[in-house]
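Please put together the full structure from these sequences, using the hints given.
Be aware that the sequence shown starts at 0, since it is given in numbering that gives the first Met the number 0, and climbs by one per residue.
None of these hints come from the bench; they were simulated from the model. Where is the CB? At the ideal position from N, CA and C, for every residue including glycine. Heads up, a few of these hints could be off.
Label pairs and their in silico Cβ distance ranges [to be verified]:
no.	residue 1	residue 2	range
1	Thr288	Met38	40 to 48 Å
2	His242	Thr65	14 to 22 Å
3	Gly226	Ala147	51 to 59 Å
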Amino acid sequence: MQTKTIVIFIFSSFLILSYSSCKRGNNGDSEKVNPAFEMNPPIALSTEIRQIEKPENNKNFLLTATFTPGDIKNQFHRIFVDNDSLLLRDDGKEGDVKAGDNVFSVLIQEDPAIIKEELTNIRNKFLIGMKNKVPLVKFVNRSPVSIAKGIEEFLQLDTSFRRPIKFLPGLFEAVPPDPLLISKSLMITDLGVVEDDTRTFNPCTLVGNPAGAWTFSTLISNMANTGATGITAEVFARSLLRHWLITNTVNTDNVAGRTGILSSVIIPWIIKSNPGTPPASITLTNWETFTLNLQFAPFKLLAIVNRLDLRGNSGYGFSNAGEGRFVFGVLNGTCNPLSFTVIFEYGIPKSKCATVKAFAQQWVDLKTMVPGSAPYNAALETITNQFAGAGVASGKPNGSALNQIRTNEIALAFP
0 MQTKTIVIFI
10 FSSFLILSYS
20 SCKRGNNGDS
30 EKVNPAFEMN
40 PPIALSTEIR
50 QIEKPENNKN
60 FLLTATFTPG
70 DIKNQFHRIF
80 VDNDSLLLRD
90 DGKEGDVKAG
100 DNVFSVLIQE
110 DPAIIKEELT
120 NIRNKFLIGM
130 KNKVPLVKFV
140 NRSPVSIAKG
150 IEEFLQLDTS
160 FRRPIKFLPG
170 LFEAVPPDPL
180 LISKSLMITD
190 LGVVEDDTRT
200 FNPCTLVGNP
210 AGAWTFSTLI
220 SNMANTGATG
230 ITAEVFARSL
240 LRHWLITNTV
250 NTDNVAGRTG
260 ILSSVIIPWI
270 IKSNPGTPPA
280 SITLTNWETF
290 TLNLQFAPFK
300 LLAIVNRLDL
310 RGNSGYGFSN
320 AGEGRFVFGV
330 LNGTCNPLSF
340 TVIFEYGIPK
350 SKCATVKAFA
360 QQWVDLKTMV
370 PGSAPYNAAL
380 ETITNQFAGA
390 GVASGKPNGS
400 ALNQIRTNEI
410 ALAFP
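Now the structure itself:
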């Protein structure tokens, strides 16, 4: 097993949500990887590596990870690494110095020269950043935090392995801030994108493509997936609207219907779909009998959002690869924006390391292009089709990758 995929991966897995190798297997031992840690992993306070003088069973390095008491409930902790899994122990055996001290240990066999090369490469990256006065940061949630102190300590490391080498959280994921990624690859709001005539449609000005890939109509149609389900997009849209008109139970709480949506959203939509229909003829009891033309849906695209950061820790499984999102603003009957947003939040239907890395690279590559340009918008559509297309997630309802629809409807009622 190459050092880069075990030593660096282990440090990353313990210190933050891991980024490295995600392939996995199981060697059949009784201690299993805890899948609950995928989305809420225990974070090591620190990790160390040291070369042992007398190898045991050809294993010449000892890796240790110190955890907060109580984070791991028993004496064993298993993680996935490459094509296998690795068992760390706090039972005072096989390299572990003291049982029950929350220092989990594992003996491994590695080439010292390769470890030295890896650590030297990382140190050189840090030195170049300091020379160019480029601050390196780790991310806490979505906010960059400087790790200058940890880097200074790391630069003093002794790669001769005469003494243990200690690492602090976030060190291996240190990156320079990249403003281009924010607007081009993470939170995309450029008007050349969200008002792209080829991919969006304005229900008020009737400018754009009613069947564009990023329209409310197309996304709802893809969720309905009529060819596979027999459910029409119009029926699916009515079902969505109906949720605002009835009492729902959310987290055991009763949430009263917000009937204000009838006059502010539904009736104007019906009138555009059925010209000449008197507004007074549309009521809470009969609104579903009227045609709803999805191209007139009063939802205007505001942003396309990359939330790969929501994926789990691949050291404990790979059931979650983050999300991709479309944010819509809702318009009233006179085409003015309401205090009302609807967000379609899709799970990324990818479960292999290579495919997730390739998908992430597609987002990164956007920063080399101009938002709103033909190449940029085409590349972004290629990305969004992978999670917003019809039938892309077998096993989920309707084959849609949708995780949830999140709304903020201050315009309808308080609170």
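Results of checking the hints against the structure:
1. For threonine 288 paired with methionine 38, a C-beta distance near 44 Å keeps the hint of 40 to 48 Å intact.
2. The given range of 14 to 22 Å is broken by histidine 242 and threonine 65, whose C-beta atoms sit roughly 48 Å from each other.
3. About 55 Å separates the C-beta atoms of glycine 226 and alanine 147, a value consistent with the hinted range of 51 to 59 Å.
Comparing the model with each numbered hint stated earlier shows that hint 2 is the single one that does not hold.
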